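Asks: Sequence:
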Amino acid sequence: MTDNEVIKTLSDLLDEKLDTKLDEKLGPKLEKIFDDKLGPKLEKTLDKKLDTKLDEKLDTKLEKIFDEKLAPIKSDINEMKIQLEKVESDTGSLRAGQLSMKRDFREMRKDIKDIKDVAYDAWTQSTENRELMYSK
191 MTDNEVIKTL SDLLDEKLDT KLDEKLGPKL EKIFDDKLGP KLEKTLDKKL DTKLDEKLDT
251 KLEKIFDEKL APIKSDINEM KIQLEKVESD TGSLRAGQLS MKRDFREMRK DIKDIKDVAY
311 DAWTQSTENR ELMYSK
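To convert, note that position 50 of the sequence shown is 240 in this note's numbering; the numbers rise steadily by one, no gaps.
Bear in mind the hints are in silico, worked out from the structure with no lab data behind them.
Any given hint might turn out to be false.
[Stated by the list, open to error] Computed cross-link-like contacts, DSBU-like style, restricted to lysine-lysine with a CA-CA straight-line distance of at most 30 Å:
| no. | residue 1 | residue 2 |
| --- | --- | --- |
| 1 | LYS247 | LYS264 |
| 2 | LYS247 | LYS259 |
| 3 | LYS264 | LYS254 |
| 4 | LYS276 | LYS251 |
| 5 | LYS215 | LYS198 |
| 6 | LYS264 | LYS251 |
| 7 | LYS198 | LYS211 |
| 8 | LYS292 | LYS306 |
| 9 | LYS264 | LYS276 |
| 10 | LYS259 | LYS271 |
| 11 | LYS292 | LYS264 |
| 12 | LYS276 | LYS259 |
| 13 | LYS303 | LYS292 |
Only a predicted model underlies this, so the values are computations on that prediction, with no experimental measurement involved.
Could you put the whole structure together from the sequences, leaning on the hints where they help?
Replies: And the structure:
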């Protein structure tokens with residue numbers, strides 16, 4: 191054993207003996223005084239002070255931690271909101287374009303039907319005219 195280890199061991203032994211002697215002689219007296227008079231008052235005071243101080247310290251530390259940890263998440267959420275608004279705007283534009291194309295398609299169908307009807311009428315007219323010409 192080194193000198194430091196020997197000194198530490200002796201110091202621990204002396205502390206133990208002193209604690210046991212003090213506990214034997216003063217322990218019951220101190221416990222009675224503490225339990226009867228000081229205990230409840232001291233307990234309440236300490237509880238209040240510790241609670242408020244701990245609450246304040248925890249609140250400030252937790253706020254800092256939350257702000258540090260949540261700041262990137264908040265910015266990501268804001269970016270996602272912006273992107274979502276853009277997507278909603280784009281889908282609104284697509285819907286409007288789709289409705290416009292649908293309307294144009296209906297008009298084209300109607301125009302094609304009209305052209306078909308005119309062509310059919312012209313074809314039947316020319317067929318009737320030919321029959322009239324050849325029958326004379």
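Asks: Would you mind marking each hint as holding or not holding in the structure?
Replies: Verification of the hints:
1. LYS247 with LYS264: Satisfied, since the Cα-Cα distance of roughly 24 Å is no more than 30 Å.
2. LYS247 with LYS259: holds (18 Å)
3. LYS264 with LYS254: holds (15 Å)
4. LYS276 with LYS251: Judged against 30 Å, a Cα distance of about 37 Å means the pair is violated.
5. LYS215 with LYS198: holds (26 Å)
6. LYS264 with LYS251: holds (19 Å)
7. LYS198 with LYS211: holds (20 Å)
8. LYS292 with LYS306: holds (21 Å)
9. LYS264 with LYS276: Satisfied, since the Cα-Cα distance of roughly 18 Å is no more than 30 Å.
10. LYS259 with LYS271: Holds, because 19 Å separates the two Cα atoms, which is no more than 30 Å.
11. LYS292 with LYS264: violated (41 Å)
12. LYS276 with LYS259: At roughly 27 Å apart (the allowed maximum being 30 Å), LYS259 and LYS276 satisfy the hint.
13. LYS303 with LYS292: holds (16 Å)
Consistency with the previously given hints fails for numbers 4, 11, ordered from lowest to highest.
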